[in-house]
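> Protein chains in written order, with my numbering: chain V, 1 to 422; chain D, 1001 to 1057.
Just so you know, not all the hints are guaranteed correct.
Claimed, not checked - Cβ-Cβ distance ranges computed for the label pairs, FRET-style: (1) V:Pro-351 to D:Leu-1042: 18 to 26 Å; (2) V:Ala-15 to D:Ala-1046: 50 to 58 Å; (3) D:Tyr-1050 to V:Leu-336: 28 to 36 Å; (4) D:Leu-1055 to V:Thr-279: 24 to 32 Å; (5) D:Leu-1055 to V:Thr-152: 18 to 26 Å; (6) V:Ala-15 to D:Pro-1028: 54 to 62 Å; (7) V:Pro-351 to D:His-1018: 37 to 45 Å; (8) D:Leu-1055 to V:Val-182: 33 to 41 Å; (9) V:Pro-351 to D:Pro-1028: 17 to 25 Å; (10) V:Asp-180 to D:Asn-1016: 52 to 60 Å; (11) D:Arg-1003 to V:Lys-230: 44 to 52 Å.
Said to hold, decoys possible - Some chain D residues judged to face chain V by a derived CB distance under 8 Å, without partners named: (12) Ser-1006; (13) Thr-1021; (14) Leu-1034; (15) Val-1036; (16) Leu-1037; (17) Leu-1041.
To be verified - In silico DSSO-like pairs for lysine-lysine, Cα to Cα no more than 30 Å straight-line: (18) V:Lys-325 to V:Lys-155; (19) V:Lys-236 to V:Lys-325; (20) V:Lys-155 to V:Lys-16; (21) V:Lys-81 to D:Lys-1011; (22) V:Lys-325 to D:Lys-1011; (23) V:Lys-230 to V:Lys-155.
Because the hints were derived from the structure by calculation, they are not lab data. Since this is a predicted model, take the numbers as computed values, not measurements. From the three backbone atoms N, C-alpha and C, an ideal C-beta is built for every residue, glycine too.
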Amino acid sequence: MNIFAKLYYRLRKAAKAVQLYLVIAGPGIVVMVADNDAGGITTYAATGAKYGYNLIWFLLLLIPVAYYVQEMTVRLGAVTKRGHAEAIFTGFGAFWGWFSLIDLLILDWLTLVTEFIGMTSALEIFGIPAWLTFVAVVLLLGTIVLNGRYWTWEKIALLFCALNLVYIPGAFMVHPSLDDIVHQGLLPNFPGGFDGQLFFFLMANIGTTIAPWMLFFQQSAVVDKGLLEKDIPWGKFDTWLGSVLTVVVAVFIVVVTGTVLRGVDIDNAAQASAQLQETHHWVGTFMAIGLFDAGLLGAICISLASSWAFGEIFGWAHSLNTNIKEAPWFYACYFLTLASAGAVVLIPGAPLVLITLFVQVIAVTLLPAALVFLILLLNDSENMGDYANTPLQNAIGGTIVLVIIALSTLYGISVLFPSLFG
Amino acid sequence: MFRSVSRLVRKFRAINAHYNTPRIGMSPAVRASLMVLRGYLLFLVALMLYKFVSLLG
């Protein structure tokens, strides 16, 4: 009887823990899965086609990288109750604040362009013209944010996150060799040796996993959701789960294109979907649906990251819990960012594929500046108290910054001296 | 139009004044390092833009 009582008690405790997590879950999963945006899907598809399974180990390394970077924003948001833009302005003054805000504005806008590129090219596979996708997406996203509740917005975003898992059955349907995945993918190797293209792909893969907008987005989402210091452990768990999910999806995409399209020059995920449809109809269809979903999820989050940041600094009402009358500038900023970025894909002859790949690389190049401020803010023990960074967390954050700077430098050198790396 | 612009300028000035004093003190060396890092990253971005334009050509 005693055993049953204990078992019942433990089950109740576990059920309560799950219930509590479901209340707090959101910012971590949404930001991490949204990071598998249209540009991300394109990068993973191109990585698999170019290097097969050989860079899977590198993607797996990005799980802790993404976690350690993003969990800092959870602590910072929950303790200071300030969004990231406001935290930088308050911490370092207006000069550095404007720098960060302008970085964010430019990168967000460019990334949003890539989301529209992904969404329009995905739906073109099904015969839907780009202008129709543009109009439908702006209307849909407008309806989602104008419902006036953070909670509703977040649950809709989580639904789109679930759709991102569509790549997993796709990978099983192409019957990859598990033996090849383990032997080629899990042992660290640099396929083809060091050259500018490998640096480019490594950087693009980092850029799809951690990006400046994510820091601003997750911290603002933590504040908008109202997470408190006591919720930090669950916020961290949420971030960890999101980090694992995002990389798992990335690995499955690499497995799909690495199995079916190995050696094929892939410029974008839509092209990969169309080529996959020729041999594996449903896998190609899943890829196209996933690409549209990824672009939509990315657009939902990135446009909000800018609006939150501007609202914090300009003193506008800036919460999804407010309606359009209460926060007109917040929503105006949201729609202006969305519509102007979307309009770019309608320009005839725009180099959309090249834009997509370069935006990832530029985003990761500017990332160290944002990370340095984040680490400095987390070392403000007067403000952060017990939640300030430990020496280990500083060492991890510092290493991530140094590795990104080193990779960016190597890529820069390969641009200046293309023959240096062979 | 002129009134809107002057209102915007006033807003920027108010933001600059509000965040005039940073909460976290930075030594001149840290400030200089941050400036160097920022300049270096912008140089790398410029290189990437050069690559982008050359690929377009």
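> CB of Tyr-1050 (chain D) to CB of Leu-336 (chain V), is that within 28 to 36 Å?
30 Å, holds
> Measuring from the C-beta of Leu-1041 (chain D) to each C-beta in chain V, is the shortest one below 8 Å?
6 Å, holds
> Taking the beta carbons of Leu-1055 (chain D) and Val-182 (chain V), is their distance inside 33 to 41 Å?
At 36 Å between Cβs, range holds.
> Looking only at beta-carbon atoms, does the pair Asp-180 (chain V), Asn-1016 (chain D) fall within the given range of 52 to 60 Å?
58 Å, holds
> Tell me if the beta carbons of Arg-1003 (chain D) and Lys-230 (chain V) are separated by a distance inside 44 to 52 Å.
48 Å, holds
> Tell me if the straight-line CA distance from Lys-325 (chain V) to Lys-155 (chain V) falls inside 30 Å.
The given pair, whose Cα atoms are some 23 Å apart, holds under the 30 Å limit.
> Should the hint that Pro-351 (chain V) and His-1018 (chain D) are 37 to 45 Å apart at their CB atoms be regarded as holding?
41 Å, holds
> Classify the hint on Leu-1037 (chain D) as holds or violated, based on whether any CB of chain V lies nearer than 8 Å to its CB.
6 Å, holds
> Going straight from one Cα to the other, do Lys-325 (chain V) and Lys-1011 (chain D) come out at no more than 30 Å?
Given pair Lys-325 (chain V), Lys-1011 (chain D) holds - Cα atoms ~21 Å apart, limit 30 Å.
> Between Ala-15 (chain V) and Ala-1046 (chain D), is the Cβ distance one that fits in 50 to 58 Å?
Distance hint for Ala-15 (chain V), Ala-1046 (chain D) holds at roughly 56 Å.
> Quick check on Leu-1034 (chain D) please, does its C-beta sit within 8 Å of some C-beta on chain V?
Nearest chain V Cβ about 7 Å off; hint holds.
> Next pair to validate is Lys-81 (chain V) with Lys-1011 (chain D); report whether the Cα-Cα distance is within 30 Å.
Roughly 23 Å separates the two Cα atoms, so the pair holds.
Checked against the numbered hints given earlier, the structure breaks hints 5, 9, 12, 15 and 19 and satisfies all the rest.
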